[in-house]
Amino acid sequence: MGKIVGGFLVPHDPVMFVVPQAPAEDIRQRMWGAFEECAARLARLEASSVVIIGADHYFNFGTGCLPQYLIGTGDVDGPLDVLPGLKRQPIPASEALAGFIAEHGHANGFDWAVARAFTVDHAVAIPDRLIVDPVRRQGQSIGTIPVYLAAGVDPYIRMQRAIELGGAIRAAVEAAPADERVVVIGSGGISHWVGTAEMGRVNEDFDREIMGYACRGELSAMAALSDDYILEHGGNGAMEIRQWACAMGAMPGARGEVIDYAAVREWVTGLGFVQLFA
Amino acid sequence: MGKIVGGFLVPHDPVMFVVPQAPAEDIRQRMWGAFEECAARLARLEASSVVIIGADHYFNFGTGCLPQYLIGTGDVDGPLDVLPGLKRQPIPASEALAGFIAEHGHANGFDWAVARAFTVDHAVAIPDRLIVDPVRRQGQSIGTIPVYLAAGVDPYIRMQRAIELGGAIRAAVEAAPADERVVVIGSGGISHWVGTAEMGRVNEDFDREIMGYACRGELSAMAALSDDYILEHGGNGAMEIRQWACAMGAMPGARGEVIDYAAVREWVTGLGFVQLFA
Amino acid sequence: MSRNVLEKLMHQLCVDRTVKQRFKEDLEGLLARYALTEDERDMLRRFDVAAMQKHGVNPMLTLGFWSENAPDRHPAAYMKALRGADSGGEVFSAALKH
Amino acid sequence: MSRNVLEKLMHQLCVDRTVKQRFKEDLEGLLARYALTEDERDMLRRFDVAAMQKHGVNPMLTLGFWSENAPDRHPAAYMKALRGADSGGEVFSAALKH
Ligand SMILES: [Fe+3]
Ligand SMILES: [Fe+3]
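Residue numbers (the numbering used here), protein chains in the order written: chain W, 1 to 278; chain G, 1001 to 1278; chain P, 2001 to 2098; chain V, 3001 to 3098.
Mixed in with the good hints, there may be bad ones.
[Unchecked claim] Mimicking DSSO-like on lysine-lysine, the simulated pairs with C-alpha atoms at most 27 Å apart in a straight line are: (1) K2024(P) x K2054(P); (2) K3054(V) x K3020(V); (3) K2020(P) x K3024(V); (4) K2020(P) x K3020(V); (5) K3080(V) x K3020(V); (6) K2020(P) x K1087(G); (7) K2054(P) x K87(W); (8) K3080(V) x K3024(V); (9) K87(W) x K3020(V); (10) K3054(V) x K3024(V); (11) K2080(P) x K2024(P); (12) K2080(P) x K2020(P); (13) K2024(P) x K3054(V); (14) K1087(G) x K3054(V).
[Unchecked claim] Pulled a few chain W residues facing chain G out of the computed Cβ check, cut under 8 Å: (15) A115; (16) T119; (17) R265.
I should point out that these hints are in silico values taken from the structure, not numbers from a laboratory. We put the CB at the ideal spot given by N, CA and C, even for glycine.
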């Protein structure tokens, strides 16, 4: 009988590592500080496992196999796409619970693709390094369970299905034999245009809209967002709000609080940090 | 409004290509002849598409992404594992219907992993080359839709889910905009031990049991087979009866007829050929 | 011909060192091994990321392909190639010039 | 340590030419790059497919690994390695000697 004890919705912006000095000083400090604040709050939740929900960036998975969603049930390391200040290293896993979530899903209509040895990309590695690792250094033993949604490469997972998948994660955690305290982290930028001619554009209105849904726990509003709407107002990168929707789906009814937000054009992304309260 | 107009359950034994001369002359002729007979019967069904359901042999998919089931919706070629007499070549695809099956599944709880450019292994290439290509050479235009089930590498798809997936394929075909005539081919050996110390063993009793279920359309008997039972009596290779179960699931109520069968130790497999009648 | 085979090769050009090497040393030999149209081959030869995107190729992949294989891998050069000479991408380019 | 990283490397040794090459030319360098136990490294060095299977490695993968990398790639040699010297695999071996 595990329990979901909290959640976070955070960005995983690689440009922060590539050009850390690009934005104005106060913005930089606030954004790196927001990750630190998430770590401090995670520490207080005394989690045994974190489920970090990311999305592939056409890197882990190629045209030969594009899963709708995947869970890492075995050895984990990363990132695959090494960045300045973000070397590849082993990531402490939570194999028993991850395997149980996969199995529970398979028995209940959620056909997880499974990675038994998995090198995550920055979508999981950044939150793991910036939010979970500091808590591990304080002596807490936390296993990371990487989850990937099809948000970067089509065919995309549907918003509604991402929410349902969150529900499946929750159901599995609650059915698990161990008394785990689980925190879900939805990892994704809000508005950002990746590799398109509009790269660098950020849309604060869109970002505020999404953070509003998150804070008020409006799952149905998230499910109602069409891909066309997301692409127009949030960019192709904003398809990653699927990861937020999935984390929200694991905590139905939960309210949230914005830890910080900034529209950082120099880092090409609207960076929002939200905590969800169980 | 497409229609499933027939089905076949056939082996995809690579050893037939590696040592074609190994078995006694009459066995050889019967087994190659059974493929020819399937081709002749396929020709009479006037199919526009065939769905060939195979399984990976730890070749197409590695530990970084093991899908429960996958469909090829784009360009197809193969086999990846070239054999004597089985060169890699483009395989005519049926992209529109394959894409529709994927989409229909995504909308109805079947979260297909998708391959948009896919090099199939021998599991799909052998039936395509031996059964479909001869009909194409007669002038019929038939597109191949490759489907892969997790039957070779764990976590394995459940038998019951393989049957349900067949139902999802059927539902999609019937909902498809085009008037396709679709034939499903479940591609898998019956008893065989692959790479284990028992390799070369064949169990005719097990094979007859499975063919019996297929001929009598006993889906529930198929679903009731435990993995332990299959592994003990049919070997690790017999996990591929999942492909048979999936094809049967696409034709609920259908009766079948054994075209031919032989327990061929020289080809390390019980080779059964069954036609399912719509 | 669809974008799919092009994306297949471009993904390999993002992740597979051997394919990247071959792209540099024997471009035509590499291209010959894929069922691409002449137009698609040309997009690769000319690093024409704008044409690729018009063809339906995923923008993450055009960016990855550029960053791993282009003569000038800088994102500013990518943006220029994508937007044309009259590029308005100052903010982003400026950021990445640091 | 689970079988998973071992299976990861063995799968690459089935499908990736570069990794196969490195296995031949710089085995220890290759092994050092994977989080394997010393026991697992030894299974690879000695092509000990029987030990691998006892460790939980998929038999299709031990067969593929052997066929692509062993000094004597013949299936009969594989069966002998798997079953030990007192192998009873005559039928299968006979078939594959053609
Ligand atoms: Fe991202
Ligand atoms: Fe097989």
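For this session: State the violated hints by number, sorted upward, taking the hints as numbered earlier in the document.
Result: Numbers 7, 13, 14, 17, in rising order.
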